[in-house]
Amino acid sequence: MGLSKERKAVLEGLCKQFRRTLLDTLYSVQTGHPGGSLSATEIITTLYFEVMKVDPKNPYWEERDRFVLAKGHAAPMLYIALAEKGFFPKEELKTLRQLNSRLQGHPCALKTPGVELSTGPLGLGLSAALGMGLGARLQRKPFYTYVLLGDGEIQEGIVWEAAMAGAKYGVDNVVAILDKNGVQLDGTVDQIMPLGDVKGKWSSFGWNTFEVNGHKVEEIYDAIQEAHQVKGKPTLIIAHTVKGKGVSFMEGKHTWHGKPISKAEYEAAIQELEGGR
Amino acid sequence: MAGATGKAMRQVYGETLVELGKTNPHIVVFDADVATSTRTILFGEAFPERFFNVGIAEMNMAAMAAGISTTGLIPFVNTFACFMVLRCGDPIRSLIAYTKLNVKLAGTYAGLSDSYDGASHHSILDIAFMRALPNMLVICPADGAEVKAATEAAVQYKGPVYIRIHRNECPDIPENDSQPFVLGKGKLLRSGKDITLVATGYMVHRAMEAAQILEAQGVSARVVNIHTIKPLDTELLERCAKETGGIVVAEEHSIHGGLGGAAAEAVGRLYPVPIEFVGVRDTFAESGDYQALLEKYGLTSQHIVKAAEEVLKKKGGL
Ligand SMILES: Cc1ncc(C[n+]2csc(CCOP(=O)(O)OP(=O)(O)O)c2C)c(N)n1
Ligand SMILES: [Mg+2]
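Residue numbers (our numbering), protein chains in the order written: chain A, 1047 to 1323; chain B, 56 to 373.
Hints in this document: simulated from the structure, not taken from any laboratory.
Check the hints yourself; a few may be wrong.
[Stated by the list, open to error] With a Cα cut of at most 25 Å, we get these calculated SDA-like pairs of lysine to any residue: (1) B/K248 to B/Y212; (2) B/K351 to A/K1262; (3) A/K1299 to B/K351; (4) A/K1054 to A/E1096; (5) A/K1140 to B/E350; (6) A/K1157 to B/A319; (7) B/K297 to B/D337; (8) B/K351 to A/L1156; (9) A/K1157 to B/P80; (10) A/K1309 to B/D344; (11) A/K1157 to B/S175; (12) A/K1247 to B/A347; (13) B/K351 to A/Q1144; (14) B/K77 to B/F236; (15) A/K1099 to A/K1247; (16) B/K62 to A/T1301; (17) B/K351 to A/A1155; (18) A/K1099 to A/F1134; (19) A/K1305 to B/A347.
[Said to hold, decoys possible] Over the 10 Å line for every Cβ pair with chain A, so calculated as not near, a few chain B residues: (20) E70; (21) V89; (22) T154; (23) S175; (24) H176; (25) F184; (26) P229; (27) G300; (28) I310; (29) G343; (30) E365.
Keep in mind the model is a prediction, meaning the values are calculated, not measured.
Where a beta carbon is used, it is the ideal one built from N, C-alpha and C, also for glycine.
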């Protein structure tokens, strides 16, 4: 177990490249959500490039691992990962959110190869992931389902309904990851609706929980491997992240949840990313 | 397409709430982590103690508002129109409409106006849902001035009201704004004798354009703004059916269950005449530029003109 130095370097290189592509893409289309895409970069990259078994040539292969982007507004980062994987040509990223594109503002499973579930309206993803996990178990399919939640998102009541269901049915082939960046749309999570002791709450609901630094690929990877060992209960990995991670003027700022990027901001951001901070 | 007020409809709404809040201490405002977008943040800044941002928990918000209204306060509930229906739907039906509670519901980003976010965020079935609820008033303002008037009227009225608000600026319509806003009464914006174009929301502006195009073709088109979809001004629609013999209904909504459905129900019963519908034709739309979406999904003045030609054919007038 554990990530080799080489693989760690590869994943970190991809994260750097993806952040750059994200800024290029969002700047060119002048719409989309930078903050929550940047905080999820390491999580999505580790999943797609180290953990998940998927086949871009055969996107509907029955035994593929599933990924549900419950916080659907981070779609741009998902699309970037899927394009790098080869689910569709990278040039298509330029069509993000434009008329006639396969790349919708929020993931659409009918339109985009590799997208498992249509999301956008927050809160539905965890329940759907549990359904996928139960379907796998019932049909003796060996795949895992991974689901990425926002910390504002888990204010939705349905998430806690899913928390109970996941424990009741012991859905141990589902691994949920919480992008705990502490910020939502209108402000910080503490200002808008404090979550209290997240780890304690999920533990008391019957979930196995881990805490990791969500910007360290090796920590994310290790926690997922450990989650695979846990039998009889689902796992929530609480990933401590920074909204807007990698672009200092976006970091921790709710105002960068979904704001278009100006030319000056774009140039400053690229300079910072290229500087390899 | 800038309105003379130069303001997005949601901005006018937010500012109106602040104005109302100054004189009416009973007004309280709820939001679910989209206050920056719905512009209720303005009320939150002006009256922090009367503002509740409950986080991403819309159903909770609507039920809390139902409760607070029973204590004599007047809550405004705010979120995107799609979530107002889909997340707040149960408390709206089971608590607010059923008991006729004095709760005001403002659904912003209505129709296709949250264009880039895509079909998951578009709201093209909210009129159908709200209109099917007993005791619910349904208002869809056409421009900034009408947003203000509708919000004020909602406070005057005692009972549940749904106000459907566009994300963006809509052009001001002088013919509309020169007339008083009366709940439940349509506005005759342009006289005509060959056909009536009935519209609501942003499509009122489009109907005015269509009437001009039709005039150039020698067709005299009447334009009616139905800002209150429920209760519907059936008297006015009946009169238009009698006097012009054909109707086109245009709305930024599904052609099923919206103003088109409401008008067809009324006209079919009171004075049947040929009728055509301009709206989203039973499909999910997609992400894209707002005007490009209206074009692709059939919501332009040209589409209204085409629909009018269909009606005129059926009337035997073309
Ligand atoms: C049901 C629902 N309500 C509101 C929204 C609007 N919205 C989109 S993202 C967002 C904030 C999300 O915050 P969080 O879950 O913390 O995501 P992140 O910080 O990772 O971007 C909101 C309120 C939505 N998409 N769905
Ligand atoms: Mg967050």
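The hints, checked one at a time:
For the hint pairing B/K248 with B/Y212, the CA-to-CA distance comes to about 35 Å; that exceeds 25 Å, so the pair is violated. For the proposed pair B/K351 and A/K1262, the alpha carbon gap of about 44 Å is over 25 Å, so the pair is violated. With a C-alpha separation of about 36 Å, the suggested pair A/K1299 and B/K351 falls outside the 25 Å cut-off, and the hint is violated. Note on A/K1054 and A/E1096: the hinted pairing holds, with a Cα-Cα distance of about 9 Å set against a maximum of 25 Å.
For a cut-off of 25 Å, the pair hint linking A/K1140 to B/E350 stands: about 22 Å separates their Cα positions. Taking the CA atoms of A/K1157 and B/A319, the gap is about 35 Å. The hint is violated against a cut of 25 Å. Using a Cα cut-off of 25 Å, the hinted pair B/K297 and B/D337 is violated, with the two alpha carbons roughly 30 Å apart. Only pairs whose Cα atoms come within 25 Å are accepted, and B/K351 paired with A/L1156 is accepted, the gap being roughly 19 Å.
Note on A/K1157 and B/P80: the hinted pairing is violated, with a Cα-Cα distance of about 49 Å set against a maximum of 25 Å. Proposed proximity of A/K1309 and B/D344 is supported: the alpha carbons are some 20 Å apart, at most 25 Å. Of the pairs offered as hints, the one joining A/K1157 and B/S175 holds, with about 13 Å between alpha carbons and a cut-off of 25 Å not exceeded. Taken as a hint, the A/K1247 and B/A347 pair is broken in the structure, with Cα atoms around 46 Å apart against an allowance of 25 Å.
Our distance criterion of 25 Å between C-alpha atoms is met by B/K351 and A/Q1144, whose separation comes to about 12 Å. With a CA separation close to 22 Å, the supplied pair B/K77 and B/F236 stays within the 25 Å bound. Straight-line distance between C-alpha atoms of A/K1099 and A/K1247 comes to about 31 Å, which puts the hinted pair past the 25 Å bound. Note on B/K62 and A/T1301: the hinted pairing holds, with a Cα-Cα distance of about 21 Å set against a maximum of 25 Å.
In summary, the hint linking B/K351 to A/A1155 is supported, as the alpha carbons are separated by about 22 Å, within the 25 Å threshold. The straight-line distance between the Cα atoms of A/K1099 and A/F1134 is roughly 17 Å, inside the 25 Å bound, and the hint therefore holds. For the hint pairing A/K1305 with B/A347, the CA-to-CA distance comes to about 21 Å; that is within 25 Å, so the pair holds. Every beta carbon of chain A lies more than 10 Å from that of B/E70, the smallest distance being close to 18 Å; the non-interface claim holds.
Distance to chain A contradicts B/V89 as a non-interface residue, since its nearest Cβ pair spans about 6 Å, not more than 10 Å. The beta carbon of B/T154 sits about 22 Å from the closest Cβ of chain A, which is more than 10 Å, so the claim that it is off the interface holds. The beta carbon of B/S175 sits about 3 Å from the closest Cβ of chain A, which is not more than 10 Å, so the claim that it is off the interface is violated. Distance check for B/H176 against chain A: the nearest CB is about 6 Å away, which does not clear 10 Å, and the non-interface claim fails.
Against chain A, the non-interface label of B/F184 holds: every CB pair exceeds 10 Å, the least being about 15 Å. The beta carbon of B/P229 is kept farther than 10 Å from every beta carbon of chain A, the shortest such distance being approximately 32 Å. Every Cβ of chain A is farther than 10 Å from the Cβ of B/G300; the closest lies at roughly 37 Å, confirming the non-interface assignment. With 10 Å as the threshold on Cβ separation, the claim that B/I310 sits away from chain A holds: the shortest Cβ distance comes to roughly 21 Å.
Distance check for B/G343 against chain A: the nearest CB is about 3 Å away, which does not clear 10 Å, and the non-interface claim fails. Even its closest Cβ contact with chain A, about 26 Å, leaves B/E365 beyond 10 Å, as expected for a residue assigned away from the interface.
Checked against the numbered hints above, the structure violates hints 1, 2, 3, 6, 7, 9, 12, 15, 21, 23, 24, 29; every other hint is satisfied.
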